[in-house]
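Visitor: Given the sequences, and given the hints that come with them, work out the whole structure.
In the UniProt record's numbering, the protein residues as written are 1 to 130.
Among the clues, some could well be false.
Unchecked claim - Derived DSSO-like pairs: lysine-lysine, alpha-carbon spacing no greater than 27 Å straight-line: (1) Lys86 to Lys71; (2) Lys86 to Lys113; (3) Lys43 to Lys12; (4) Lys72 to Lys113; (5) Lys72 to Lys86; (6) Lys113 to Lys71; (7) Lys56 to Lys8; (8) Lys43 to Lys56; (9) Lys56 to Lys12; (10) Lys15 to Lys43; (11) Lys8 to Lys43.
Stated by the list, open to error - With beta-carbon atoms standing in for the labels, derived distance ranges: (12) Leu52 to Ser16: 18 to 26 Å; (13) Lys71 to Gly14: 52 to 60 Å; (14) Lys15 to Arg74: 53 to 61 Å.
Hints are computed from structural coordinates only; laboratory data are not their basis. Because the structure is a prediction, the values reported are computed rather than measured. Heads up, the beta-carbon is just placed ideally off N, CA and C, and yes, glycines get one too.
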Amino acid sequence: MEQRAVIKFNVKLGKSASETFRSMQQVYGSQCLCRTVVFEWHKRFLEGRETLEDDKKSGRPILVRTPEMIKKVRDFVANDRNASLKMMEEALNISRETIRETIRIILHEDLGKTKVCAKFVPHTLRSDQI
1 MEQRAVIKFN VKLGKSASET FRSMQQVYGS QCLCRTVVFE WHKRFLEGRE
51 TLEDDKKSGR PILVRTPEMI KKVRDFVAND RNASLKMMEE ALNISRETIR
101 ETIRIILHED LGKTKVCAKF VPHTLRSDQI
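Guide: Structural data, given as structure tokens:
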């Protein structure tokens, strides 16, 4: 953050990215940001950026594992024990990218539920199936 503030300061003074990088190398030595990063931040500040914080990063979605969501899942499962994740997704109105993992974690860790059977098993078995 400190070095980004220095870059912003130099942009406000009208110094070029190369001048900024050279002066930062003198001050920070081996701890200086690399040339590419200095030039990138210099460009951002020239374009009008004011904040020093990083941009919001994409990646794995944040799980919505809140006490309210745990209660909703608990109530949903109590009303319909055979509900699928897709049914819960629609009923609980959570975005698609977060729902499956969130509900799976809530069911297993918070509510202690487990998946009993992963395959369809007919009620009556034929003699060749025994």
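Visitor: So, for every hint listed, does it hold in this structure?
Guide: For each hint, the structure was consulted:
Distance restraint check for Lys86 and Lys71: the Cα-Cα separation of roughly 18 Å lies within the 27 Å cut-off, and the hinted pair is therefore satisfied. Proposed proximity of Lys86 and Lys113 is supported: the alpha carbons are some 17 Å apart, at most 27 Å. With a C-alpha separation of about 12 Å, the suggested pair Lys43 and Lys12 falls inside the 27 Å cut-off, and the hint holds. Pair hint Lys72 plus Lys113 holds up; C-alpha atoms about 15 Å apart against a cutoff of 27 Å.
Distance restraint check for Lys72 and Lys86: the Cα-Cα separation of roughly 15 Å lies within the 27 Å cut-off, and the hinted pair is therefore satisfied. A distance of roughly 14 Å separates the Cα atoms of Lys113 and Lys71; the hinted pair therefore holds under the 27 Å criterion. In summary, the hint linking Lys56 to Lys8 is supported, as the alpha carbons are separated by about 20 Å, within the 27 Å threshold. A hinted pair counts as satisfied when its Cα atoms are at most 27 Å apart, and Lys43 with Lys56 qualifies at roughly 18 Å.
Of the pairs offered as hints, the one joining Lys56 and Lys12 holds, with about 25 Å between alpha carbons and a cut-off of 27 Å not exceeded. The hinted pair formed by Lys15 and Lys43 meets the criterion: a straight-line CA distance of about 12 Å does not exceed 27 Å. For the proposed pair Lys8 and Lys43, the alpha carbon gap of about 10 Å is at most 27 Å, so the pair holds. Taking the beta carbon of each, Leu52 and Ser16 are about 20 Å apart, inside 18 to 26 Å as hinted.
Taking the beta carbon of each, Lys71 and Gly14 are about 57 Å apart, inside 52 to 60 Å as hinted. In this structure, Lys15 and Arg74 meet the distance hint of 53 to 61 Å, their C-beta atoms being roughly 59 Å apart.
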